[in-house]
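Asks: The sequence shown: position 27 = 27 (my numbering), numbered continuously.
Simulated crosslink set (SDA-like; lysine to any residue; CA at most 20 Å straight-line):
id: 1; residue 1: K48; residue 2: E59
id: 2; residue 1: K48; residue 2: E37
id: 3; residue 1: K48; residue 2: V36
FYI, nobody ran anything at the bench for these hints, they're computed from the structure.
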Amino acid sequence: MTTETHAGSQTGTAGSHPESGRVVSAGSWSRLRCRVEEAWNRHVRYRKLCRQLDHMRAEAEARTAWVDELTEEELAAMLRGLRECINAMEMETAGSDAPDRPEGAS
Numbered sequence: 001m002t003t004e005t006h007a008g009s010q011t012g013t014a015g016s017h018p019e020s021g022r023v024v025s026a027g028s029w030s031r032l033r034c035r036v037e038e039a040w041n042r043h044v045r046y047r048k049l050c051r052q053l054d055h056m057r058a059e060a061e062a063r064t065a066w067v068d069e070l071t072e073e074e075l076a077a078m079l080r081g082l083r084e085c086i087n088a089m090e091m092e093t094a095g096s097d098a099p100d101r102p103e104g105a106s
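Take the sequences, apply the hints, and build the full model.
Replies: What follows is the structure, encoded as structure tokens:
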């Protein structure tokens, strides 16, 4: 892969470092190329994931924008209704935790 000049130095061919004239072995060159390729693929994958995340954030903001338009009274009414629903569910769950008694038993 390398060529030698009259002075015995190695000239720039595939696999050599152009500035220092050092020869990089085929295995090292292959590993370096694989690392660069992995880094590039990771960069592309993360960039794609960031775009997807941005898109999901925009969708979530669009779906919840109506909450920003509620008045304080409407928010208070919603919270009261939510509290009532939670309490009803807790009561229902507490009632189902009681041991089952056969019918006719007192």
